[in-house]
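These protein sequence lines map, in sequence, to chains A and B.
As numbered in the numbering used here, residues 1 to 626 make up the first sequence, in order.
As numbered in the numbering used here, residues 1 to 173 make up the second sequence, in order.
Everything labelled a hint here was simulated from the structure, so no lab data went into it.
Be a bit skeptical, because a hint or two may be false.
[Unchecked claim] Each computed DSS-like pair below joins lysine-lysine, with the alpha-carbon atoms no more than 25 Å apart:
1) A:K282 / B:K138
2) B:K138 / A:K232
3) B:K155 / A:K495
4) B:K38 / A:K232
5) A:K613 / A:K598
6) B:K13 / A:K2
7) A:K613 / A:K547
This one's a predicted model, so the numbers in the text were calculated from it and none came from an experiment.
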Amino acid sequence: MKGYAGKYLLVNLTSRKIVSKMLDEGMAVNFIGGYGFGARTLYDYVPAGVEPFSPDNVLAFWTGPLAGTIAPVSSKYAVFARSPLTGFFGFGISSGGFAFELKCAQWDGIIFTGRSDSPTYLFIDDENVELRDASHLWGRTTWETEQMIREELGDDTVRVAAIGPAGERLVRIGNITNDRNRQVGRTGMGAVMGSKNLKAVAVRGTRDVEVADPDGLMKFSMELNERLQGPKTEKYRVYGTPANILIHNKLGCLPSYNFQRGTFEYAEEVSGERMLKTHVRKIIACTNCAIACDHVNEVREGPYAGTVASMDYESLNMLGPCCGVRDLNAITKAVEICDTLGVDTISAGVIIAWAMECYEKGILSSEEVDGLDLRFGNSEAMLEALKKLCLREGKLGNLLAEGVKRASEIVGRGSEKFAIHCKGLEWGAYSMRSLKTSTLGFAVSIRGADYLRSGSYQVDVRGEVDRLKLDYSRGKIVCDGENLYAIIDSLIICKFARGIFSSVDELAKLYTLTTGIEMTGKQLLLAGERIHNLAKCFNIRHGASRKDDYPPPRAFEEEMPDDVVRGAKITREEYDEALNGYYDARGWTREGIPTAEKLLQLGLEKEAEEIAKYQVSHELKLTGAK
Amino acid sequence: MALKTKMTERLKKIIVCNVDKCNGCQICEFVCSFTKEKVFNSRKSRIFVVRIEPFLNLALTCKKCDDPPCVRACPTEAVQRLSDETIKIDEEKCIGCGWCVEACEFGVMRLNLETGIAFVCDYCRDIGEPQCVKYCPKDALRYITIEQAARELSKKAVKSIVQELLSACITTI
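Chain A extracted, bound-state conformation (with noise of 0.2 Å):
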């Protein structure tokens, strides 16, 4: 079994024991890596009542078997957690160098679990493991950690993932930095990370990765290599992400003033094409990547001049058109704040335009928004919302800090309906009512309100169905996006490469010449659905059903004002008919929970039995309720 290391650390932050663990090759084989191994350590590691700031819930990071190897932009890690924000499977994938670099250092993966009684960070330097005092790193903000851990490691070659003071705060959008510019950025794994006193993760791996088949892997990589400077990955490499600002602006479909529109006036000034002429200064690549979509943006004049910060279409459309703000400098400095101080920059900009519309609609009073102008467009209040958001400043920031939808809960006033998530997660950059597809992809996501499980919007972006429209037949769309997305995310492999890849078969390839376990594509989507329906087992031991698969109410209540998609809105009626077509093609009932045929069929033996008992109280409570 080669390209895995074969073992990882069971890390006890409580009785600071460190365990070295052999990597089973059944698990290797049915659950691959990455979202499979997190799925397998969640489901198996924290039981239901298990609350997410709990020492007991655990923290995982996860490497796929192709990081470390020449297999292109793999150099990829993952990290999972019972997640504050949706209670239910959380997890974000980030790159940079970190990967590759514990893979070198001969490990698969570290599960923390227990708590530390002082900030602590662990280092890994190859096999010697030690928990190293953090008192000093508490506080500092994620750029500081990972130069002062390097500075006094003595080595600029360390790799650190870190969180900043958001994480250490318990803001529940705290995310996860490594390489200055690369997060774990969603459902707040910084924030779990930060319940365990847990302030960096520093690693040094100086061994060789080995392969089962080098030539094969390297003659294989170096054509996919070339494949990726080709027309599939244009976008990225020219303009970054960004490019869709005006794609989806002329669609009608960039969500912005909190989601009630899908077009925003000041598109051009916030496009990928202005910023590619006045802020981009260096475009940056992740280790082993032969794409680079790193656009790193320097601010050049103004209040902000100096900020430096990278920008994708995400953080752009969420902390921009999201909050009417259409100025690149002041969206540059939020990302700053937000990469430094560390939370994820999409809810953060959900949070801040969801507390501007309650200040627009007098629900929060300027007492309440410590005195803020937080109206749409003020790019200096948003600003200013942001740090106190970050630091759990004042009232405002100690609401903000609990995401929109805790937020929403706390001030009520009908502030619930247009808090924009699904099942507490932020909705990212994709406008719910004029991408239909799209939002039955977001809302049935097994980690809340996202984009990246099965990336649904893209029929509805390129014309492959009506958009505008939902039935049957999007479910087996998602459940098909879904089973291909678990195997990228499994792998694990950047999903701006997926269109270079002539088939799945292909990933096989890759899976095989690394590994030397044979494979194929099949058997991959297999392992696929297998990994998406353990996650899914996790969310319904922690209460999920049917009700957590809808997007928020603004989908069904408001039509859509902007003329390119005018009258726009979801029906109830189309909305259960296309989540009855999910279901189906997942082979769960329509209550949203795997049968034990389905999980017996996939060799969740164990799950199987389990969720039968959630089956059951389902069922007796839908009698009950008639």
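Chain B: place on chain A using the hints.
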């Protein structure tokens, strides 16, 4: 005679990295460690990507210096300069003292972390073409003479001046 030697040396081909194109992907390091050692391990690469946050990325390898400091520094004559101007390490003679490492102005001479023996880029002399150059996805790496690199820079400068002049003309019109 001395003059002739110098001229030839300025026309020698070296690996040149374009700082605008280099994005720090490290693919050259992977390709190198695979080519030279048949393993994936960037610490066994003979080319090194230097990243200085937030903007600077540049890959560095042996510059084929005149009168190489690494050769001068070696107390056991393990570090030798061949007639094609590449450096060769005699592994039998190398005692792993690291003086060549200290002497190299560019930090591209290293000691193998496992064996302690010095290693450096040999321009893939057995293959005939540096593999890092061949596989650099952004063509940031080139195997050219310093003269050629200079000529290309001149061309680029002239192009951008002409473009500026042209756009100025258009604006005036």
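The hints, checked one at a time:
no.	hint	result
1	A:K282 / B:K138	holds, 14 Å
2	B:K138 / A:K232	holds, 16 Å
3	B:K155 / A:K495	violated, 38 Å
4	B:K38 / A:K232	violated, 31 Å
5	A:K613 / A:K598	holds, 15 Å
6	B:K13 / A:K2	violated, 39 Å
7	A:K613 / A:K547	holds, 19 Å
The structure shown violates the earlier hints numbered 3, 4 and 6.
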